[in-house]
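Peer 1: One-letter residues, chain by chain:
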Amino acid sequence: MITRSGFSMVETLVALTLSGVVLMLVSTTFLVQNRYYQSQREYAATHDAARALTERVAGELRSVMPGGIAVAGARTLTLRSPIVLMGVCEIQSPRVHLYNEGGETPLVTAEVGGIGWLDETTGLWTYREASWSYLNGGGGTAAANRCATNGADTAWAAPEFHRVENFQTLFGSLPQPGDVLMLFRGTRFQILESTLEPGRLALFRRVGAGPLVELVTGLDTTAKFQYRTGGTTYADTVVAASLGSVDAVRIVADARRPAPTGGAGALTFGWSVNIALRNAP
Amino acid sequence: MRAERGGFVLAFVVLMLFAISVAGATGYLIVSAEGTLAKYSGQGAEALAVARAGLQRFVAEQIGVVGDSVSYAIGNGVALITTRKLGPYDANTDLYYIRSEGSVADIFTPSSPARRVVGAYAYHQRRPLAHHAAAMVAAEALYAQNSGARIDGNDFSNDPDCPGTGAPPIEPPITGAIARTATGPLNSGILLGSPSGETWTGGHPQMYDSVAIRWDVISDPAFPVDFEDVVPNFASLPADSFPVVRVNGYFAPGSGWSGWGLLIVNGELDASSAWTWSGIVLAGAVDDIHEGHIRGLLVAGLDGPNFYPNVYWRGTIRYFSCFVNRANESLSYLELIDNTMFEVL
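Listed in order, the protein sequences are those of chains A and B.
My numbering numbers the first residue of the first sequence as 1 and each following residue consecutively.
My numbering numbers the first residue of the second sequence as 282 and each following residue consecutively.
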């Protein structure tokens, strides 16, 4: 009789039982861990959404000059954020010659939403909507030479001098040498239903007449903008006549994710951040 | 034989070790990437703060001629400031563009530091001191007393001693003397100007406010000057240099202290007849009987109402706009225009 070494039936059954128990323990642990991982991922996503909403809006808000808020609603915020500030160095009526760092090369001309004019005595800006093609009168050596005749230092910087047209048409008068102007972009932030994940809210950004771009998906219905006009309380909206007195914006950055598989409920996370407008009057 | 079976446990252990290693490596990569991003973000913010601080410091410290560039070490970074003159705003003010580039280097990537740039516009107040009179003293009365004494608000800038090429333009005459209740010539003294004298009943506060300078700042020891308590060697200075000289305490200059520039007397001025100064003299107080000569302009009693209520000037004060303007430029400063600082992208 040939002796064969191997498992007996009992050994096999014991081994299978033990393996089953071990497998069950391991799989349970795995499933629990996986669920925990999923929930953490969802939490992280809500954190990311809240942070992205805050940083994206706050970054542009901090550069806004007085009067730079054009629309102040709970779910709509329209800003005139400076692209570049320019110093007027010479007037050749009706043309305005000026200096702007970098000249036209780094300028994203499609983003130009208009021009601002600073009243140096009050520190307040006046804005007019206009496209770059309407304002642009060319630049370079010719503009630099005009400014040089008025005492400007144009050495190594001729391309940074420029000529603006139609200023008088927009404002009714011409600036004086020594005045400061601004090219601004009109930026609109809106909280709308997401196009990527219908049924959920998202933050959109639009520059001028450009496309509406979805930036942050997964906002809660409580996410909104609020505004302070000199006091200590914040309102959801500000009427047009009071926009100039907005001195702080609150971003209620509430994010929401649907309940993960096996989860009990939706995940929410959020904070409120008050952004004091640096240049508020 | 049982002892000959094996391999399964080893394979399992190896597999588990591999899985743990992969998980660990993935975790480390995620954490280190987050850390790196956070570090770069922090350095960018720091570079912006350095740029802004550098610009503010430059404007605050700027006195006299505006330099083309300067750099400051601030915190962990460096701010490089450059300026560009864009032309006049008015007769005494120019518009400047100030650019500040802040950079913060990382020892791991020294060739690519974090960089942020801010720009701002500023007015350069070239002649901050307002010219109201050849002699303005915050005393009750100011007289040109005795023969040879003269206080004159007519411009003497056609004098060959005036700096610059050619004859400078003659400016309109200014008031000869200003005091609180009385001015005038006494005992054959001469008081001229347009008008020769004025009384400002507001006294010291009115006069102080009108000259448009901060006496508390420029008389402070922290305010930087070219020479302090020492007479400059004028022979070694360029002819077109108008230094700022500050003297602290009672000051009785003789001929050895004659010279030109902006003289700040942080105390009482009591000059002898041998002393002549071309430019501007600002004094906390002035002696009641004074014999020195000024070719330019005097403002005294800046510490408060003059210690002596009646001042008898026995020397001469003649208005030279050429000296006054040059000395005034030594006090010139930059003033940031509100709401013009922006980040250059």
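Be aware that one or more of the hints could be misleading.
Derived DEER-like restraints, expressed as beta-carbon distance ranges [as the list claims (entries may be wrong)]:
1. LEU215(A) - ASP349(B): 47 to 55 angstroms
2. THR169(A) - SER491(B): 24 to 32 angstroms
3. PRO106(A) - THR317(B): 24 to 32 angstroms
If you want a taste of the chain B side facing chain A, the calculated C-beta under 10 angstroms gives, among others [stated by the list, open to error]:
4. LYS320
5. THR364
6. TYR402
7. GLU610
It should be emphasised that the hints constitute simulated quantities derived from the structure, not laboratory data.
Glycine is no exception: its CB is placed at the ideal position from the N, C-alpha and C atoms.
Peer 1: Next, verify each hint and record whether it holds.
Peer 2: A quick look at each hint next to the structure:
1. Remark: the range hint 47 to 55 angstroms for LEU215(A) to ASP349(B) is contradicted by a beta-carbon distance near 42 angstroms.
2. Roughly 42 angstroms separates the CB atoms of THR169(A) and SER491(B), a value that falls outside the hinted 24 to 32 angstroms.
3. Look at PRO106(A) against THR317(B): about 27 angstroms separates their beta carbons, and that is inside 24 to 32 angstroms.
4. With 10 angstroms as the threshold, the beta carbon of LYS320(B) stays out of range of chain A, its nearest partner Cβ sitting at about 17 angstroms, so the hint is violated.
5. Given the 10 angstroms rule on beta carbons, the hint for THR364(B) holds: about 9 angstroms separates it from the nearest Cβ of chain A.
6. The closest approach between the C-beta of TYR402(B) and any C-beta of chain A is roughly 5 angstroms, which is under the 10 angstroms cut-off, so the hint is satisfied.
7. Look at GLU610(B): its Cβ only gets to about 15 angstroms from chain A, farther than 10 angstroms, so that hint breaks.
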